[in-house]
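Student: Could you build the full structure based on these sequences and the hints that come with them?
Protein chains in written order, with my numbering: chain A, 11 to 487; chain B, 11 to 487.
No lab work stands behind these hints: they were computed from the structure.
Backbone N, C-alpha and C fix where the C-beta goes; we use that ideal spot for every residue, glycine too.
Treat the hints with care, since some could be wrong.
[Unchecked claim] Here are the simulated BS3-like pairs of lysine-lysine, each with C-alpha atoms no more than 27 Å apart in a straight line:
(1) B:284 x B:257
(2) B:32 x A:284
(3) B:284 x A:32
(4) A:458 x A:434
(5) A:14 x A:32
(6) B:14 x B:32
(7) B:156 x A:156
(8) A:284 x A:257
[What the hints assert, rightly or not] Okay, the calculated bits of chain A under chain B, using three or more residues with CB under 8 Å as the criterion:
(9) 149-156
(10) 346-355
[Claimed, not checked] Among chain A residues calculated to face chain B with C-beta under 7 Å, some are:
(11) 11
(12) 39
(13) 40
(14) 41
(15) 200
(16) 203
(17) 340
(18) 366
(19) 368
(20) 431
There are 2 protein chains.
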Amino acid sequence: MDWKPDRYGELSLQEQIVRYFKEGILRGEWTVGARLPSQRILARLWQVNRSTVAQAMAELAALGLVEGQTGGGTRVVNESWSLLAAPPTDWGQVAESGRHQPNLPVIQTINRMEADPGIIRLGTGELAPELLPGREMARLLQEGAKRPVALGYEEPKGNPALRRRIAERLQERGIHATADSVLVVSGALQGLHLIAAGLMRPGSTVLAESPSYLHSVQVFQSAGIRLEGVPMDEAGLRAGLLERYSKQYQAAMLYTNPTFHNPTGKVMSGSRRKELLQTCRELRLPIIEDDVYGDLWLDEPPPPSLKSLDNHGDVLYVGSLSKSVSPGLRIGWVVGPRTAIDRLADIKMQIDYGASSLSQWAALQWLEDGWHERHLEQLRGQLRKRRAAAAAALDREFGGLARWSIPGGGFYIWMEFNRSLPMKQLFDAALREGILLNPGMVYGSEEKPCLRLSYSYASLEELSRGIGILAGLVRRL
Amino acid sequence: MDWKPDRYGELSLQEQIVRYFKEGILRGEWTVGARLPSQRILARLWQVNRSTVAQAMAELAALGLVEGQTGGGTRVVNESWSLLAAPPTDWGQVAESGRHQPNLPVIQTINRMEADPGIIRLGTGELAPELLPGREMARLLQEGAKRPVALGYEEPKGNPALRRRIAERLQERGIHATADSVLVVSGALQGLHLIAAGLMRPGSTVLAESPSYLHSVQVFQSAGIRLEGVPMDEAGLRAGLLERYSKQYQAAMLYTNPTFHNPTGKVMSGSRRKELLQTCRELRLPIIEDDVYGDLWLDEPPPPSLKSLDNHGDVLYVGSLSKSVSPGLRIGWVVGPRTAIDRLADIKMQIDYGASSLSQWAALQWLEDGWHERHLEQLRGQLRKRRAAAAAALDREFGGLARWSIPGGGFYIWMEFNRSLPMKQLFDAALREGILLNPGMVYGSEEKPCLRLSYSYASLEELSRGIGILAGLVRRL
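Tutor: Here is the structure:
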């Protein structure tokens with residue numbers, strides 16, 4: 011919200027708030043069925059007493075414009091002064107008719123609270139702003155923009171020079187790719203969305219590791235596709251169970267994130283990778299390999315990707331610059347057999363006419379001129395420090411309370427608590443202490459009390475302090 | 011395709027081509043079911059004799075790797091040397107199972123031929139590269155990149171400063187908007203896609219002008235939503251028919267492009283706009299107003315937008331920088347009641363985590379620092395010249411053959427032929443002469459032979475020459 015009541019205005023704060031909502035409702039910005047932010051949030055946002063907000067709401071209710079709801083929240087119920095007989099469009103009801111499901115409430119809370127600058131984000135799966143190469147990107151733009159910038163549409167699969175560069179980089183890692191087998195997408199998530207929309211039938215089932223990041227996004231579910239989890243062990247997804255799971259659920263595809271797995275941080279072993287490929291080949295189960303953390307090894311490079319072992323086009327490979335360089339650029343790629351890539355490109359053109367040409371132009375220079383390697387070198391140093399700080403704080407605070415293991419790369423430390431714990435209460439209690447958590451249930455892990463910790467976002471000091479506060483809360487609960 | 015046979019290579023051209031496909035099939039880049047490009051296209055692409063390509067294909071067929079199809083085309087049918095018993099994943103079949111429909115064949119041809127640099131594009135709905143402000147954008151980047159660039163995720167609705175700026179610009183045109191009622195999207199098409207996915211039930215019906223641009227994209231159809239056309243007259247969509255159409259089809263929404271309509275170039279009159287709003291209000295029919303050409307008036311500003319007349323939140327307004335500044339930036343906006351906008355933002359986060367932050371950053375500066383107004387001024391002058399050249403050529407060549415009217419802005423001249431004409435034959439014949447047309451059937455106009463001409467892409471010389479050749483073809487057919 012841009013608006014704020016003016017402390018020195020002619021009207022009282024309460025009058026200003028009443029007027030603000032009244033006018034917004036008249037103009038149609040808040041329509042019937044719209045839910046107003048909670049009084050607590052408004053009071054904090056505007057830095058006014060909660061009682062002032064409550065009185066304003068009472069006045070709006072008296073005017074017949076809003077109504078308190080059981081279970082909290084205030085909804086717009088009327089436009090009593092409207093001269094027209096016809097009620098306005100109820101967008102709230104319209105919204106409920108859509109195919110896409112809203113995000114889970116706890117995920118909506120996480121998304122919303124991430125915008126709060128004061129909060130310690132112990133579970134966020136992205137790089138902290140100070141780890142992003144903003145200065146380097148500005149230099150790159152300065153140099154690149156000495157010539158005019160291409161502003162037209164790109165080809166359906168994306169900028170050809172960028173696709174060539176991506177293919178070359180993948181070739182260096184043993185993947186047989188050409189520019190034609192690369193589709194540039196607006197981030198890996200969009201790649202998954204395209205696969206769901208273009209290569210899967212609604213009602214079909216995707217297998218994935220249990221737990222999986224996929225549960226925290228609605229990408230498959232919104233396309234009417236079910237997710238079933240396959241258990242993991244220390245070597246990653248248990249390939250030996252695939253035949254049973256695949257038949258039981260008549261699975262259409264397998265999604266796997268074998269390297270620095272989100273949320274557990276695990277790396278699938280080399281021999282498991284071969285077993286998995288062989289099994290999927292026999293089961294005719296196509297594979298989506300999500301490798302967005304591959305660049306972020308901290309101790310040693312991970313085993314070869316599934317795609318590099320794939321000689322038969324069974325694997326669609328998904329990569330991205332979001333985790334290592336810039337989430338905001340929205341540049342990722344899907345690599346695979348041309349039939350599939352051409353199809354996904356056709357859908358991408360239908361959906362948004364391709365990724366930003368400016369982002370593609372910046373990504374090309376970033377990958378071509380050595381910026382990426384220099385940045386990764388620095389970034390690994392920073393992440394190692396943060397990983398060490400998190401590990402030290404865990405050792406200090408959580409002995410006897412939980413188990414975890416320190417990953418060889420990526421962002422995540424997966425904690426499993428030794429005793430049962432009311433995770434929703436822990437989440438809420440932590441939020442009150444200014445700490446945002448990503449509980450295991452977000453990743454489909456309901457039985458055991460778990461947490462995804464991340465050392466990519468919080469500062470060294472926040473990691474240490476936040477983990478200390480967290481341990482106190484766990485002890486109390 | 012990156013690859014080309016090497017005229018001076020050790021192997022003959024034919025042998026190189028055989029080897030290229032053989033290896034591609036082995037590596038899984040061409041999988042079973044994949045369709046190879048036609049021999050004609052390959053011959054042109056590689057600048058070799060068509061017979062060389064034909065012999066190479068015959069050899070591949072003899073190896074059991076490919077098979078000619080009735081109705082043309084060659085498909086991969088086998089990997090005979092594969093040692094594994096399991097057949098590879100048939101991505102072609104997988105692709106056919108998806109929810110999204112492929113684009114119409116003629117649209118696929120148009121999309122593909124647009125990549126051909128030699129072709130005269132008489133129907134393309136975008137600015138020619140020389141009309142895009144590439145130099146200005148480079149200067150803007152140079153100036154903006156004196157400070158570090160923000161590379162993180164943006165807020166769900168988009169960069170707040172950009173949303174504020176967009177809201178201010180809309181306020182200047184009488185639209186009540188605040189930053190909170192603006193959602194930044196990756197182009198207007200994505201806005202429509204989000205509306206289809208988030209605010210409509212599969213199986214419902216959207217009304218739109220007949221003809222309509224919507225028929226050339228699969229945005230609603232792919233979401234399982236039907237399109238029904240409402241006839242137009244000189245004042246635009248015939249609002250008087252809406253009650254009947256709305257009831258007959260139990261319409262869920264009305265989509266309209268009232269200003270410089272795509273494809274007819276028409277402008278809905280001011281009184282029709284009021285009638286339309288009032289009718290939709292009585293029918294409780296929410297409106298999507300597509301206003302992507304609004305900035306591109308050439309003679310006088312168009313009547314106020316529907317959204318500016320909407321006091322009840324019945325209209326979702328869609329705008330964009332793609333038509334006036336840069337299609338490649340992928341920056342558009344949807345403006346409307348918060349319930350709807352919040353819902354669309356939630357889905358956008360699920361689909362691609364928001365538009366490119368780099369594009370948003372560039373768009374903000376573009377709209378803030380006067381670049382946009384200076385550019386529009388220049389652009390209008392250029393478009394007036396092209397419109398005049400097209401009008402002169404039409405007067406000279408098409409008297410007695412067709413009817414058309416010269417629009418007051420936007421890109422399009424809609425031609426209706428006086429006599430019946432085999433449009434598919436005209437399309438093919440023009441393609442052979444190096445001219446790419448957008449026939450009326452692409453816009454759902456099947457009965458009358460029509461064409462969408464555009465003066466935004468072809469040069470003055472191409473417009474004159476292309477329209478001349480076209481008239482010759484029409485006379486012959």
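Student: Does each hint fit the structure? Answer for all of them.
Tutor: Structure-based check of all given hints:
no., hint, in the structure
1, B:284 x B:257, "21 Å, holds"
2, B:32 x A:284, "25 Å, holds"
3, B:284 x A:32, "25 Å, holds"
4, A:458 x A:434, "13 Å, holds"
5, A:14 x A:32, "15 Å, holds"
6, B:14 x B:32, "15 Å, holds"
7, B:156 x A:156, "14 Å, holds"
8, A:284 x A:257, "21 Å, holds"
9, 149-156, "holds (count 6)"
10, 346-355, "holds (count 6)"
11, 11, "6 Å, holds"
12, 39, "5 Å, holds"
13, 40, "6 Å, holds"
14, 41, "4 Å, holds"
15, 200, "4 Å, holds"
16, 203, "5 Å, holds"
17, 340, "5 Å, holds"
18, 366, "4 Å, holds"
19, 368, "5 Å, holds"
20, 431, "29 Å, violated"
Against the hints set out earlier in the document, a violation occurs for number 20 only.
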